[in-house]
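For the protein sequence lines, the chains are L and F, in the order given.
Quick note on the working numbering: the first sequence kicks off at 1 and runs consecutively.
Quick note on the working numbering: the second sequence kicks off at 352 and runs consecutively.
Honestly, the hints are just simulated from the structure, not real lab data.
Every residue gets a Cβ at the ideal spot worked out from N, C-alpha and C, and that includes glycine.
Any given hint could turn out to be false.
[Stated by the list, open to error] Among the chain L residues that face chain F by a calculated CB cut under 8 Å, a handful are:
hint: 1; residue: Ser5
hint: 2; residue: Leu9
hint: 3; residue: Pro331
hint: 4; residue: Ile332
hint: 5; residue: Leu334
hint: 6; residue: Ala337
hint: 7; residue: Tyr338
hint: 8; residue: Met341
hint: 9; residue: Leu345
[Unchecked claim] Derived, one-sided and incomplete: chain L residues facing chain F with beta-carbon distance under 8 Å:
hint: 10; residue: Thr330
hint: 11; residue: Leu335
hint: 12; residue: Arg342
hint: 13; residue: Ala349
hint: 14; residue: Val351
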Amino acid sequence: MSEPSDRALDRLRRVAQWPDLTGTRYELQSEVARGGMGVVYLARDRELERDVALKVIAVEAADADTAERLRREARTIARLEHPGIVPVHDVGTLPDGRVFYAMKLVTGKRLDELVKAGLPLRERLRLLLRIGEPVAFAHAHGVIHRDLKPENVMVGPFGEVLVMDWGVAKHRGDGNPASGSRSPTAEGATAHGTIVGTPAYMAPEQARGDVEQVDARSDVYALGAILYFMLTGRAPGAALVSPDAPTRTWAGPRAPGTSRIQPPREADKDVPRALDAICLKALAAEPALRYPGVSELSDDVARYLEGERVLAHPERLAERALRFASRYRTPILLLLAYVVMRVVLLLVARV
Amino acid sequence: MNKPLVGLIVGGIVGAFDGLSALFSAPEVAPQIAGIIVGSTFKGVIVGLIAGFFARKVNSLPLGIAVGLLAGLLFAYLIAMSPDPATGRHYYWEIMLPGSLAGAIVGYATQKYGRRPGDARA
Chain L
1 MSEPSDRALD
11 RLRRVAQWPD
21 LTGTRYELQS
31 EVARGGMGVV
41 YLARDRELER
51 DVALKVIAVE
61 AADADTAERL
71 RREARTIARL
81 EHPGIVPVHD
91 VGTLPDGRVF
101 YAMKLVTGKR
111 LDELVKAGLP
121 LRERLRLLLR
131 IGEPVAFAHA
141 HGVIHRDLKP
151 ENVMVGPFGE
161 VLVMDWGVAK
171 HRGDGNPASG
181 SRSPTAEGAT
191 AHGTIVGTPA
201 YMAPEQARGD
211 VEQVDARSDV
221 YALGAILYFM
231 LTGRAPGAAL
241 VSPDAPTRTW
251 AGPRAPGTSR
261 IQPPREADKD
271 VPRALDAICL
281 KALAAEPALR
291 YPGVSELSDD
301 VARYLEGERV
311 LAHPERLAER
321 ALRFASRYRT
331 PILLLLAYVV
341 MRVVLLLVAR
351 V
Chain F
352 MNKPLVGLIV
362 GGIVGAFDGL
372 SALFSAPEVA
382 PQIAGIIVGS
392 TFKGVIVGLI
402 AGFFARKVNS
412 LPLGIAVGLL
422 AGLLFAYLIA
432 MSPDPATGRH
442 YYWEIMLPGS
452 LAGAIVGYAT
462 QKYGRRPGDA
472 RA
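Extracted from the complex, chain F is given alone in its bound form (with noise of 0.2 Å):
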């Protein structure tokens, strides 16, 4: 498997549970859970697609595990930069926080595992 395929799977599975944990630190989204999954499962994807990209170029753990961690960041700040239709209140921290550690966990999947091109097949 390569590792943009890598980064797109995991993000999307750690994209999807960022979205549900917010049940756990933010009870009041309940209502709009569904479509909070949804984005961050997107938001997940894209975050491992860049991960997995930047990992096939670069062979570096700490780097890997901050360019996932900006871009979580990154498009979590996008997010959250929408406020909540029914308050009006933006969730900067609750959205930002989780997203860019879940950002950095696909960066290390990324560059733990997965092909680059060129390397030998087993």
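Only chain L is shown next, with the shape it has when bound in the complex (with noise of 0.2 Å):
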């Protein structure tokens, strides 16, 4: 009996916490999503006669720490003006000070639920694609975005691809992160020790709080951690993670997971040995042995889709000649077939 009250008592909190918007140009209209960090409404735009997507820091953590990190979020994401980013549309400080900002409203569904959806393997290398080229971006302008995973991108009713949750993004003065300078800049940087990011996704450099080893390289960590989700159905730090270990992101020290990842290969056989090997470079838990960037990551997964060589794995023969023939499946029919079709005409003349 005492549960359904729970729920009345949550919702009745809940709404209670709902932010004044007076004064400003929005109406709230629901709750959508809450994060460690803030909490994401659907608003309306009175201005502009819209609907918005409005994040404002939730009451429990609002303090001015939360509210530079959830300026310095808006900040980083109307920098990185791209198709696969949500532009924020505005800024402000709400009449109880809680800092919000708005944003365009992403309708469409998350990564992982359409992957658990049963999408098909090349769609869903595709999509990663297209996730590839906003954090591409982001990172020839510094950012880092240091929190992706299937949860933090949708995909909109038309196929649009939308990288979200910058919270934790992290500016690099240099705009090229993997060129070995280490010179945060004062804006995002992280003390060190300091652990950002989803365990399970996360870089081994990241877990360990090394923050000034943190570059573009994990992002490509969490990009294969991404891969290694499609290919499997789950993270590939999942197995390293205690059950009670929060899902979100998450701040505080946490000893460096040492635990091997178990290839995509052995946890389905089915998984092509290109791809197995792709991840497993992708994951790599020295930031030297993988990807040098996200170009080179998205590079080898678009050879593999369009059936050519990719460089993560050294071919055998029999699998090049496997590789070939399925790559020009139709014309090696079609010419077999022609042949086929001449000996017969010759069989048959000399009957």
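Mind assembling these two chains? They're in different frames, but the hints should get you there.
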């Protein structure tokens, strides 16, 4: 009997925490999602007469540091104008002092939902390429996402792919994260030993809190982890994380993970060897052994999709022949049919 | 290279080989092989142009192959209607079957290769 009343209480508490939008151009409609730092609401922009998503700091997390983080997230997104990144329309402060920002309302499905719904493998891989585009764009602008995971990717009704939740993104001063320069700018700087991200998709250097080591290759790891999820239906780090660990962004000390990642082909023998190799290269514990950037990872996945040889996987002769036959199946079949038909005609003529 | 040009070149080459391969399936036509090769090359070029112009308009591998196959079949039929001047015999199967498959190969090539108008240049 207590369960319904608990739910009612929970709902009442949430409604009581709804932000007061008095004095703003927005009219609150409903709560959409709730994270560790903020809550996303559906709101109506009265001026432009359109629906928007409002991200507001959660009441329990409201402090100066979180407010600055949310402002920084809004600035980061505003700086990254790309079709794969949700545009920010506005940033402001509510009458109760909480910071909010308004962004485009994204409808569609999360990547994890699509994968679990049985999206075909080639479609999944094409989505991975689309996810890589805004991430590579951000890297080119000196921004590392640090929290890439299927739950942070939305696929819209027209196939548009949007990378969300740039709340823990890191800025690098040199704009070239893989260059080896270690000069974080003041904005977005995270203290050494602080761990941000989602454990199951987190690169080892990120899990160690080794902030200076975190660069574009940490996002390459996360994309490799998303590929792992696409291939096996689970995150590579799932086995490394205790069940009571939070699944959302978290911060705090954590021992570096030393467990081996189970290769996708061990989890599912139907996973192609080339994809297994791409995935494991992206998930290498040592950043130097991963792809140097997102573009290199995407290029290898695109090669697989085109039936070309992937760089991560040295092929044996039989594998190469099979790949060739698979890539040129139609012309090979046509030529074979032509030759067979010519032989049959010859045999018929001799009878 | 645009698609009709791909069709023209591939059609010519495949047509020439198709004509030459008549020596294999019907050795008795050896005395007329030069004329067969020329005729088959010409047929291949025409089929290639048809498949190429089709590929410029329609982006579909199965349809491209089907159009090549049908065009090859049609032109091979037109050629097969003329009997062998020496024997008076018609070679319908010997000309139409390979002609249609050669057309299908050309249809495949025009769909896979060549540039459509408006395609971005590399």
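*asked:* Taking the earlier hints as the rules, which of them does this structure contradict?
replied: The structure conflicts with hints 1, 2, 4 and 14, although it agrees with all the remaining ones.
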